[in-house]
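A.B. asks: Here is what each chain is made of, one letter per residue.
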Amino acid sequence: LSKGYPILIFAGERIGAADSFPPALEESVRAGICDELAARKARLGYSSASAGADILFCEELLASGAELRIFLPCVEEDFIAQYVAPAGDHWIARYRAVIEGAAQVEVSCEERLLGDETLLKFNNQMLQGIGRVNALRAGVPAHLLLAFSPGAPAEPGSPADFMDQWPEPEHLSIIDLDDLRERAGVAEPPTSLVSGFPSSPRAIRAILFADIATYTKFPDEQLPLLWDFLAAAQDIIASKTKPPLLINSWGDAVHAATETAHDLADYTMALTEVIATLDIAPFGLDRRPLLRMALHAGPVFVGIHPLTGRSMIYGHHVNRAARIEPIATPGEICASQHFVALLRSEMDSAQHEARVLGNMYRDRYDMEYVGLLDLPKQFGRESIYRVFRRSGGEVISTNDRPQSSELRLILSNDLAEIGRIASAVDSFCAERRIGPDVAYAVNLAIDELLTNTISYGYRDRARHMIELVLGITANRLTLLIRDDAEPFDPTLAAAPDIEAEIDDRAVGGLGIHFVRTMMDSVEYRRSDGHNEVTLTKLLES
Amino acid sequence: VDIRRETASGVRVITPVGRMDSNSAREVEAMVLPLFDESGPVLVDFSALDYISSAGLRVMLLGAKRSKASKVAIALCGMSNAVSEVFKISGFAKLFAIYPDRDSAIRALAADPREPQSPT
Chain A
460 LSKGYPILIF AGERIGAADS FPPALEESVR AGICDELAAR KARLGYSSAS AGADILFCEE
520 LLASGAELRI FLPCVEEDFI AQYVAPAGDH WIARYRAVIE GAAQVEVSCE ERLLGDETLL
580 KFNNQMLQGI GRVNALRAGV PAHLLLAFSP GAPAEPGSPA DFMDQWPEPE HLSIIDLDDL
640 RERAGVAEPP TSLVSGFPSS PRAIRAILFA DIATYTKFPD EQLPLLWDFL AAAQDIIASK
700 TKPPLLINSW GDAVHAATET AHDLADYTMA LTEVIATLDI APFGLDRRPL LRMALHAGPV
760 FVGIHPLTGR SMIYGHHVNR AARIEPIATP GEICASQHFV ALLRSEMDSA QHEARVLGNM
820 YRDRYDMEYV GLLDLPKQFG RESIYRVFRR SGGEVISTND RPQSSELRLI LSNDLAEIGR
880 IASAVDSFCA ERRIGPDVAY AVNLAIDELL TNTISYGYRD RARHMIELVL GITANRLTLL
940 IRDDAEPFDP TLAAAPDIEA EIDDRAVGGL GIHFVRTMMD SVEYRRSDGH NEVTLTKLLE
1000 S
Chain B
96 VDIRRETASG VRVITPVGRM DSNSAREVEA MVLPLFDESG PVLVDFSALD YISSAGLRVM
156 LLGAKRSKAS KVAIALCGMS NAVSEVFKIS GFAKLFAIYP DRDSAIRALA ADPREPQSPT
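Here the protein sequences line up with chains A and B, keeping their order.
With the working numbering, letter number 172 in the first sequence gets 631, and the count goes up by one each step, no holes.
With the working numbering, letter number 104 in the second sequence gets 199, and the count goes up by one each step, no holes.
Hints should not be assumed to be uniformly reliable.
Each pair of labels, with its calculated beta carbon distance range [stated by the list, open to error]:
{"hint": "1", "chain 1": "B", "residue 1": "Arg100", "chain 2": "A", "residue 2": "Pro946", "range": "35 to 45 Å"}
{"hint": "2", "chain 1": "A", "residue 1": "Asp962", "chain 2": "B", "residue 2": "Arg100", "range": "19 to 29 Å"}
{"hint": "3", "chain 1": "B", "residue 1": "Arg100", "chain 2": "A", "residue 2": "Glu960", "range": "22 to 32 Å"}
{"hint": "4", "chain 1": "B", "residue 1": "Arg99", "chain 2": "A", "residue 2": "Glu629", "range": "33 to 43 Å"}
{"hint": "5", "chain 1": "A", "residue 1": "Ala952", "chain 2": "B", "residue 2": "Arg99", "range": "33 to 43 Å"}
{"hint": "6", "chain 1": "A", "residue 1": "Arg879", "chain 2": "B", "residue 2": "Arg99", "range": "21 to 31 Å"}
{"hint": "7", "chain 1": "A", "residue 1": "Asp987", "chain 2": "B", "residue 2": "Ile184", "range": "30 to 40 Å"}
{"hint": "8", "chain 1": "A", "residue 1": "Gly988", "chain 2": "B", "residue 2": "Arg100", "range": "43 to 53 Å"}
{"hint": "9", "chain 1": "A", "residue 1": "Glu958", "chain 2": "B", "residue 2": "Asp198", "range": "27 to 37 Å"}
{"hint": "10", "chain 1": "B", "residue 1": "Gly105", "chain 2": "A", "residue 2": "Val966", "range": "28 to 38 Å"}
{"hint": "11", "chain 1": "B", "residue 1": "Thr102", "chain 2": "A", "residue 2": "Val966", "range": "53 to 63 Å"}
{"hint": "12", "chain 1": "A", "residue 1": "Ala952", "chain 2": "B", "residue 2": "Ala206", "range": "39 to 49 Å"}
{"hint": "13", "chain 1": "A", "residue 1": "Ser882", "chain 2": "B", "residue 2": "Arg100", "range": "25 to 35 Å"}
{"hint": "14", "chain 1": "A", "residue 1": "Glu958", "chain 2": "B", "residue 2": "Thr102", "range": "29 to 39 Å"}
No lab work stands behind these hints, which were simulated from the structure alone.
Heads up, the beta-carbon is just placed ideally off N, CA and C, and yes, glycines get one too.
Only chain A is shown next, with the shape it has when bound in the complex (with noise of 0.2 Å):
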C-alpha cells in the first residue's frame, strides 16, 4: 500500500434493475468515476461486480493500475443470473474480465441467493467493514465512492445502504445518477421499486462457538465444583450484558447468537473477563478454566428446532463458524474476518449517528490482525482477528466528558509509527498539565523501546500489532508496551560505558539505557507470547 492514499469503497446502481441506472448514462457515469480516481489515487479499491456502476468502477480501477478486490453476495452462478445478464451478455463478458483482473475475489456468503436481500445487505456491510478494517491497520484514509441516485426510494441491499452508516463525511463522494440524468434529459427516475424479494428465510447473525480447552484437566470429581464457578460466572454475565437470542451447550462446548456483533463482543468480553477474575478459591477448584472462543458472522437461516421446539440457526456460516474454533487461542477472543467486519460496519454505524445527534462516541473493541490460518476439514482458510476492549470507548454525552486517565494505542511495526505516537503522546501530556520535560522522557522511552523492538525484534517480514497504554494517576505516570517479537528483557542489556572517549565509543547501547535513566522503574515480564514492558515515571506534585 502506498503511504497516504485512500482505500476506495465502491457502491454503485446497476444496468437491468427497474430504471434506476438508464444505459444512456453508462459514459457520464464512467466519465465521473474517472475523474474521482485520478483525483484519490487510490491503489486499492473494494467493490462488488454488478453490471453498471460496479463494473464501470472495476474497469477503471484495474485500468488505472491499482488493486481490485471483489466482493460478492453469494455463489457466482445465482449472481451472474440475477445481477449481470439482466443488463445483456455483453456485460457478462465485462464481468468475466474485471473478476480475471481481480488481486481477491471473495464470497460473503457461499449459499443460494434464494431472492434474498439479506444478502446484499450483508455484502456491502462486509465491503464497507472490510475496507475500513484494512484501511485503519494501514494508517490511510478509506474513501467511500457512490453512484446512485438520491432521488430512487432506498431498497435494502441498494448503495443508499452505505450512506447511512458512513462514519466519515470527509471522505465521502458522490456520483449523482439524478443530476446526471437531468442533464442528459434522461426521464425522471422511478417514484417507487418493486422489490422482488419475498420475506427473507435469512437474517444476519453473529454466532459464537466456545470450548473450555482445559476441561480434560479437570479431574471427574471437579467437574460439579465447575459447573458451579461458571453458574456463578453466569449471574454477574446476565447483571452486565443482555443474553443472546440463543445460547446452547452440550458437554464443555458452547454455541450462541446475538443479532449484532456488537452485542457478541459485549457478551464474549463479559465471559472472559468474569471467567478470569472470578476467585476459584471458594468454589474449591485447583485451576481457572480457560475459554476457546470463536467468533463470526454471516446470514444464517433462522427456526425453531422440531425436536427441542428451541430457537436454532443453520446454513453455511454456522458450519464455518465451527470450524474456527478449534484453531483459537485459549482465553483470547478469536474473530473471523466477517466477524470484524461486521462490528467495524456497526461501530461506524453508531459513529455516525452518535455525530448527527451531538454524542461523543469512542469505539468500545479493537481488532488486530493475526494471520491467515487453515480451518479443520477442508473448510479452506480465514483471515483471523483478535478482539480486545479498547479503554473508555463508549457513548458519552459532550456535556460531562470525562477526561480519560488512559491512553491506549495500537501501532504495527514500522518505524514511520514513531513520530504519530509520539505526538499523541505529546498531547495526551499537555492536555493532562503534564510538564515538556516529563513528555520528553516519556517519549524517548517509548521511541527507544520501540525502535528496538521493530529493527530487531521480528523475525519474519510480517506486520505486527504492539499495543502501548499510557496512564496517569495523581503522583505517577505508568507505561505499559506489549508486543509479540522475540523476547528481549531490557532490564538485563548491558549498560553502556559513558565514560568512554571518542575512540573507544561503541555506537550502540544508549537507548535502553535512556530508558533506564529516565524512567523510576522498568519490568519486564514475559507472558503468553509477548514481551511486556512496564515503565513508572514519578511526577513531582
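Go by the hints and put chain B onto chain A.
C.D. replies: Just chain B now, with coordinates in the frame of chain A:
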C-alpha cells in the same frame, strides 16, 4: 527532518529542524558525514531541534569520530534543556565542544578552526 545548511565566517553550519530519531537519523548522517571530507569547521545548530534519541546521538558520535580522524573540527550549539539532558546522561556532553548559541560557537570556531576550546 528538514536540514538547513549555510556557511558563516568559514564555518559550515547544519541546522536540523524537528526530530532526530530512528526515522530521520539516516538523512542527517548522509548530510553530515561527508562534511568531514572537506576542510572548514562544522557546527551543528540544535536550536530548531525539538527531539533527539539515541539514533540521533549515534550520528553525532560518528561525526565526532570522523572529525578526530580528519582533523576537521565539530562543535554543537543551541540545545534546549531536554536535548542537553540527553547529552549529559549519555556522557556525550564531554565528547563535544558545546556552545550556548550560534554566535559564540562561530566566534570560537573561526578563531581556532582546528581545536575549538570547550566553553565550559
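A.B. asks: Of the numbered hints stated earlier in the document, which are not met by this structure?
C.D. replies: 11
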